[in-house]
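Since each chain comes alone in its own frame, lean on the hints to assemble the complex.
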Amino acid sequence: DQQVKQNSPSLSVQEGRISILNCDYTNSMFDYFLWYKKYPAEGPTFLISISSIKDKNEDGRFTVFLNKSAKHLSLHIVPSQPGDSAVYFCAASADYGQNFVFGPGTRLSVLP
Amino acid sequence: DTAVSQTPKYLVTQMGNDKSIKCEQNLGHDTMYWYKQDSKKFLKIMFSYNNKELIINETVPNRFSPKSPDKAHLNLHINSLELGDSAVYFCASSQVERNTEAFFGQGTRLTVV
Chain A
93 DQQVKQNSPS LSVQEGRISI LNCDYTNSMF DYFLWYKKYP AEGPTFLISI SSIKDKNEDG
153 RFTVFLNKSA KHLSLHIVPS QPGDSAVYFC AASADYGQNF VFGPGTRLSV LP
Chain B
9 DTAVSQTPKY LVTQMGNDKS IKCEQNLGHD TMYWYKQDSK KFLKIMFSYN NKELIINETV
69 PNRFSPKSPD KAHLNLHINS LELGDSAVYF CASSQVERNT EAFFGQGTRL TVV
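For the record, the sequence lines run as chains A and B.
Positions in the first sequence are counted from 1; adding 92 to them yields our numbering.
Positions in the second sequence are counted from 1; adding 8 to them yields our numbering.
Isolated chain B, as found in the complex (with noise of 0.2 angstroms):
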């Protein structure tokens, strides 16, 4: 079973449009994130979450709101989507109290055209 899980692969979608991340995660991790990776291929924390708590929110815009149903889930939503907005966007998990290393989904590559 794959430990950190998102979905969808792959996502184009039209300009103003609204879409969801979904990633899940079955490590019993106490933190998941978000991370952007962007042209120049840096990834960029953009939220993580602690116990249904956000803990990080580094400056993104607020059309990115990270909504987390329960502790191993944690969905990217976007809204009113632009063309900067294209790039891979992973999801990862880690337990922080002991000190491991974060889990990273396949990624989502996402195309705004």
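Just chain A, same shape as in the assembly (with noise of 0.2 angstroms):
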């Protein structure tokens, strides 16, 4: 039973454009959300988080949405650079970062 689902397990985007990668979760427990990218041979690292408190959160490139009637966020970034083309993971947890559980991953390249 999958509680967090990306649907899209590639995209691939053009250099400047954006990108949307999107997470969908089943469980309405879930209060805090987190993204994370990861390169090939190499652990997750943290990219961006959004507590259910609110509904949109930006550092720099990177955008963070959430809708919790829906029961999605998505991760924008833009603009896309070729050095963004990882494996980014939506991960969730129902008490605030005790307990992640993952989605399967996006795989985004970024083309030059």
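Worth flagging that the hints you see were computed from the coordinates, not collected in a lab.
Take the hints with a grain of salt, since some may be wrong.
[As the list claims (entries may be wrong)] Here are the computed distance ranges between Cβ atoms for each label pair:
1. A:N159 to B:T21: 40 to 48 angstroms
2. B:S88 to A:A162: 40 to 48 angstroms
3. B:N87 to A:S100: 32 to 40 angstroms
4. B:Q103 to A:M121: 19 to 27 angstroms
5. B:K52 to A:S100: 19 to 27 angstroms
6. B:T15 to A:N149: 28 to 36 angstroms
7. A:G175 to B:S13: 19 to 27 angstroms
8. B:S88 to A:G152: 43 to 51 angstroms
9. B:M23 to A:S104: 35 to 43 angstroms
Everything numeric in this text was worked out from a predicted model, so none of it was measured.
For every residue, glycine included, the Cβ atom is placed at its ideal position computed from N, Cα and C.
Shown next, in the form of structure tokens:
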């Protein structure tokens, strides 16, 4: 039973354009959401987070949007850069960071 | 200095063997985790330790046992390895009270032959 879903296994975007990565969840108890970025042969690294009391969080080129009623969040990267090419994992926690549930990841390729 | 380090990075071993993966964090975090990334690339939590107490134990076989000699270390011992144990195992740590993200190690690719 996948509590966190990322339905697009891969995404290709031209450099300079916007990348939008989507994530859906089923557990209404989730109250803290994170995005991780993972390069090959490395561990996931934290990118940006959002708590359930907000609907948007922005950090430089990265913005996460949360729609609680739809149980959906998205990560926007603008402008996309070739160095953004990686696998992006959506993660959620029902107890403020104590137990993260991860989605299967979306592989983003930013084409020069 | 690496915040969360795990060794070895690669481990190839035969079925039936017993092996350990070590993990250390120098962030002063109070909680450490082990995750398994399966063939479908899902990252699934196996264990977490908070102040030397096991607080989460997902339905993993009892051949897997976490050992925490101190707050900065959480090692993973695996007995009687099976082919299906082949995966990438990630160690992570976080400071739960500060509501922060988890920091991950680089992963250990375990191959059971």
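These are the hints, each one checked on the structure:
Restraint check, N159 of chain A to T21 of chain B: a C-beta distance of roughly 46 angstroms satisfies the suggested window 40 to 48 angstroms. One distance hint, 40 to 48 angstroms for the beta-carbon pair S88 of chain B and A162 of chain A, holds here, with the actual separation near 45 angstroms. Between N87 of chain B and S100 of chain A the CB atoms are about 39 angstroms apart, so this pair conforms to the stated range of 32 to 40 angstroms. A hinted range of 19 to 27 angstroms for the beta carbons of Q103 of chain B and M121 of chain A is consistent with their spacing of about 22 angstroms.
Under the hint 19 to 27 angstroms, the C-beta atoms of K52 of chain B and S100 of chain A, about 20 angstroms apart, fit the expected range. For T15 of chain B and N149 of chain A, the Cβ-Cβ distance of about 35 angstroms falls inside the hinted range of 28 to 36 angstroms, so the restraint holds. Range check, G175 of chain A to S13 of chain B: Cβ separation about 24 angstroms, and the 19 to 27 angstroms hint holds. At roughly 48 angstroms, the beta-carbon separation of S88 of chain B and G152 of chain A lies within the given 43 to 51 angstroms, and the hint holds.
The hinted window of 35 to 43 angstroms between M23 of chain B and S104 of chain A holds, with their beta carbons roughly 40 angstroms apart.
Violated hints are absent here; each numbered hint is respected by the structure.
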